[in-house]
Amino acid sequence: MAILEVKNLRKHFGGNEVLKGVDFSLEKGNVLSIIGSSGGGKTTLLRCLNFLEKADEGDIFVNGECVYHAEAGMKKPVVSPKAQRSMGLVFQQFNLFPQYSVMDNLMLAPKLQAKRLPADARESAQEILARAEALLARVGLSEKANAYPCELSGGQCQRVAIARALMLQPEILCFDEPTSALDPELTGEVLRVIRSLKNSERTMIIVTHEMEFARNVSDKVIFMADGVIEEMGTPEEIFDHPKSEKTAAFLSHRAF
Amino acid sequence: MNFSQINLLLLSGFGKTCSLFFLTLIFALPLGLVVMFGLICPFKPLRWLTRTVVWIIRGTPLMLQLFVVFYVPGMLFHTNLFVGTSGRFQAALVAFVINYSCYFAEIYRGGVESIPRGQYEAAQVLGLSRVETFFRVVLMQVVKRILAPMSNEVITLVKDTSLARVIAVAEIFYINEVRILSKAIIWPLFYIGVFFLLFVGALTLLFNYAEKKLSYYKL
Numbered sequence: 001m002a003i004l005e006v007k008n009l010r011k012h013f014g015g016n017e018v019l020k021g022v023d024f025s026l027e028k029g030n031v032l033s034i035i036g037s038s039g040g041g042k043t044t045l046l047r048c049l050n051f052l053e054k055a056d057e058g059d060i061f062v063n064g065e066c067v068y069h070a071e072a073g074m075k076k077p078v079v080s081p082k083a084q085r086s087m088g089l090v091f092q093q094f095n096l097f098p099q100y101s102v103m104d105n106l107m108l109a110p111k112l113q114a115k116r117l118p119a120d121a122r123e124s125a126q127e128i129l130a131r132a133e134a135l136l137a138r139v140g141l142s143e144k145a146n147a148y149p150c151e152l153s154g155g156q157c158q159r160v161a162i163a164r165a166l167m168l169q170p171e172i173l174c175f176d177e178p179t180s181a182l183d184p185e186l187t188g189e190v191l192r193v194i195r196s197l198k199n200s201e202r203t204m205i206i207v208t209h210e211m212e213f214a215r216n217v218s219d220k221v222i223f224m225a226d227g228v229i230e231e232m233g234t235p236e237e238i239f240d241h242p243k244s245e246k247t248a249a250f251l252s253h254r255a256f
Numbered sequence: 257m258n259f260s261q262i263n264l265l266l267l268s269g270f271g272k273t274c275s276l277f278f279l280t281l282i283f284a285l286p287l288g289l290v291v292m293f294g295l296i297c298p299f300k301p302l303r304w305l306t307r308t309v310v311w312i313i314r315g316t317p318l319m320l321q322l323f324v325v326f327y328v329p330g331m332l333f334h335t336n337l338f339v340g341t342s343g344r345f346q347a348a349l350v351a352f353v354i355n356y357s358c359y360f361a362e363i364y365r366g367g368v369e370s371i372p373r374g375q376y377e378a379a380q381v382l383g384l385s386r387v388e389t390f391f392r393v394v395l396m397q398v399v400k401r402i403l404a405p406m407s408n409e410v411i412t413l414v415k416d417t418s419l420a421r422v423i424a425v426a427e428i429f430y431i432n433e434v435r436i437l438s439k440a441i442i443w444p445l446f447y448i449g450v451f452f453l454l455f456v457g458a459l460t461l462l463f464n465y466a467e468k469k470l471s472y473y474k475l
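Protein chains in written order, with the working numbering: chain A, 1 to 256; chain B, 257 to 475.
Calculated from the structure, these hints are not laboratory results.
Fair warning: there could be bad hints in the mix.
Stated by the list, open to error - Covered stretches of chain A, going by a simulated chain B footprint (3 or more residues, C-beta under 8 Å):
no.: 1; segment: 3–16
no.: 2; segment: 48–54
no.: 3; segment: 87–94
no.: 4; segment: 107–115
What the hints assert, rightly or not - In silico BS3-like cross-links for lysine-lysine, where the CA-CA straight-line distance does not exceed 30 Å:
no.: 5; chain 1: B; residue 1: K300; chain 2: A; residue 2: K111
no.: 6; chain 1: A; residue 1: K7; chain 2: A; residue 2: K20
no.: 7; chain 1: B; residue 1: K469; chain 2: A; residue 2: K144
no.: 8; chain 1: A; residue 1: K82; chain 2: A; residue 2: K111
no.: 9; chain 1: A; residue 1: K246; chain 2: A; residue 2: K220
no.: 10; chain 1: B; residue 1: K468; chain 2: B; residue 2: K415
no.: 11; chain 1: A; residue 1: K7; chain 2: A; residue 2: K198
no.: 12; chain 1: A; residue 1: K144; chain 2: B; residue 2: K474
no.: 13; chain 1: A; residue 1: K20; chain 2: A; residue 2: K111
no.: 14; chain 1: A; residue 1: K144; chain 2: B; residue 2: K415
no.: 15; chain 1: A; residue 1: K243; chain 2: A; residue 2: K20
no.: 16; chain 1: A; residue 1: K54; chain 2: A; residue 2: K198
no.: 17; chain 1: A; residue 1: K54; chain 2: A; residue 2: K20
no.: 18; chain 1: A; residue 1: K246; chain 2: A; residue 2: K20
no.: 19; chain 1: A; residue 1: K75; chain 2: B; residue 2: K400
no.: 20; chain 1: A; residue 1: K220; chain 2: A; residue 2: K198
no.: 21; chain 1: A; residue 1: K7; chain 2: A; residue 2: K76
no.: 22; chain 1: A; residue 1: K115; chain 2: B; residue 2: K400
no.: 23; chain 1: A; residue 1: K75; chain 2: A; residue 2: K7
no.: 24; chain 1: A; residue 1: K111; chain 2: B; residue 2: K468
no.: 25; chain 1: B; residue 1: K474; chain 2: B; residue 2: K400
no.: 26; chain 1: A; residue 1: K82; chain 2: A; residue 2: K220
no.: 27; chain 1: A; residue 1: K220; chain 2: A; residue 2: K7
no.: 28; chain 1: A; residue 1: K82; chain 2: A; residue 2: K246
no.: 29; chain 1: B; residue 1: K415; chain 2: B; residue 2: K469
no.: 30; chain 1: A; residue 1: K115; chain 2: B; residue 2: K474
no.: 31; chain 1: A; residue 1: K111; chain 2: B; residue 2: K469
no.: 32; chain 1: A; residue 1: K111; chain 2: A; residue 2: K144
no.: 33; chain 1: A; residue 1: K20; chain 2: A; residue 2: K75
no.: 34; chain 1: A; residue 1: K7; chain 2: A; residue 2: K28
no.: 35; chain 1: A; residue 1: K76; chain 2: B; residue 2: K300
no.: 36; chain 1: A; residue 1: K82; chain 2: A; residue 2: K54
no.: 37; chain 1: B; residue 1: K300; chain 2: A; residue 2: K54
no.: 38; chain 1: A; residue 1: K144; chain 2: B; residue 2: K300
no.: 39; chain 1: A; residue 1: K54; chain 2: A; residue 2: K144
no.: 40; chain 1: A; residue 1: K75; chain 2: A; residue 2: K111
Note that the structure is predicted; figures quoted are calculated from it, not measured.
We put the CB at the ideal spot given by N, CA and C, even for glycine.
Work out the full structure: start from the sequences and follow the hints.
In structure tokens, the structure reads:
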């Protein structure tokens, strides 16, 4: 069964229709890259999947369960309480909390989440700390645990943001152009971390302009243009044998 | 009247000035937050009502507001809401709290609205509730941003307390005028100036200290 299923997702801002009916599904443990020119709807799609934008129409299923449903004429979409927890998002601009140390950035949300559970079911502060330390080690920033975001480079900030998103163990981890705000020499370290996260348990969706990376790391690639999925397939299909003219044109403008 | 007698009088007036100052802060700082929530409330009627109140309070002299608070309830309801010396003080306090809440609310609003949207979005995707987002993520950043304008406003409040004399609250200027200046003793005026300078100096140091304390991170 697909871990994520998106059906007929539509979104418009004013008169501008940004998503014109998007359908796709994703298997557990797969990495999906979404590519396409700016203004094609990639980021809006990702924001709808994370409920930062409310799609006007469409359904989102996680593990077969409908977590989001909207249709024309509905006043408010139906969002299940599980919806937000099943998704994680890493932003282009990191959006770390500047007043907290790296460690506190990681632990804030899990600690607040634990508080909402009954005492016997909640994760203890030590367990949260242990997980945070393990994740920081994983992204190679153990020595920065007590640093503040303003003391880190962009690449380090983004690695912290990745660890922070992983703390909540989302079903699907999304990346919104995770390297677009970084200097070229810092891009590599972030991409290496994302690549290292790939395993059979972790499902990821990456909106990216790094074609080489998308080709190497993805199981599935979506090319979006004008608010629709123009083409979808394996990296080989999309990059080596694009069927759509738009895809071919887009890729030919990119140097590999 | 000798030097020590004058000193005692002035100190008693200055005590009143200080209690008016501190009590105004204690009530107006949190009340400003409430007014701010009204100013940014998505429910339009409440937002417009709050904006109108803020417009009236900021648009009329504090002196007028002191008169209104002190005299109008009695004129309307024929009961003395504020009786005697302590009543005068209470009336002044009410007027100051209302006035300063509105100014604080606008400063808070500026601070809250200057927080980048990304901070709210990050909090949302991390599953924080709106209340948690405000108190755990936004508030500390707002405090850092508004420290400078707040220090301005608080320093202004120190000196605005002297307006309470118009309803005969026995703060330092009233005492000086009624008990000392009336005997043609001029020098305490300069003495009062020094009081205010020292008080504001201490506040300035306090705000500088707070700014330094919060400089461990950048926004």
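(request) Measure nothing beyond the straight line between the CA atoms of A:K76 and B:K300; if it is 30 Å or shorter, mark the hint as holding. (result) Measuring from Cα to Cα gives roughly 19 Å; hence the hint holds.
(message) Hinted pair, alpha-carbon criterion (30 Å max): B:K415, B:K469. Please report holds or violated.
(response) holds, 26 Å
(request) Compare the distance between the alpha carbons of A:K82 and A:K54 with 30 Å, and conclude whether the hinted pair is satisfied. (result) holds, 16 Å
(message) For A:K20 and A:K111, compute the direct alpha-carbon distance and say whether it is at most 30 Å.
(response) violated, 39 Å
(request) Test coverage of the segment 3–16 of chain A by chain B using CB-CB distances below 8 Å; three residues minimum. (result) violated (count 0)
(request) Would you check the hint for B:K469 and A:K144, treating anything up to 30 Å between C-alpha atoms as holding? (result) Answer holds: B:K469 to A:K144 is near 21 Å, not above 30 Å.
(request) For the pair we were handed, A:K7 and A:K76, check the Cα-Cα distance against 30 Å. (result) holds, 18 Å
(request) Mind checking the alpha carbons of A:K82 and A:K111 for me, to see if they're no more than 30 Å apart? (result) holds, 18 Å
(message) A:K75 and A:K7 were given as a pair; does the straight-line alpha-carbon distance stay at or below 30 Å?
(response) holds, 19 Å
(message) Holds or violated: A:K7 and A:K198, Cα atoms, limit 30 Å.
(response) holds, 26 Å
(request) Take a quick look at whether A:K20 and A:K75 sit within 30 Å of each other, Cα to Cα. (result) Holds, because 20 Å separates the two Cα atoms, which is no more than 30 Å.
(request) Would you mind confirming whether the straight-line C-alpha gap from A:K54 to A:K198 stays at or under 30 Å? (result) holds, 29 Å
Consistency with the previously given hints fails for numbers 1, 5, 13, 14, 19, 28, 38, 39, 40, ordered from lowest to highest.
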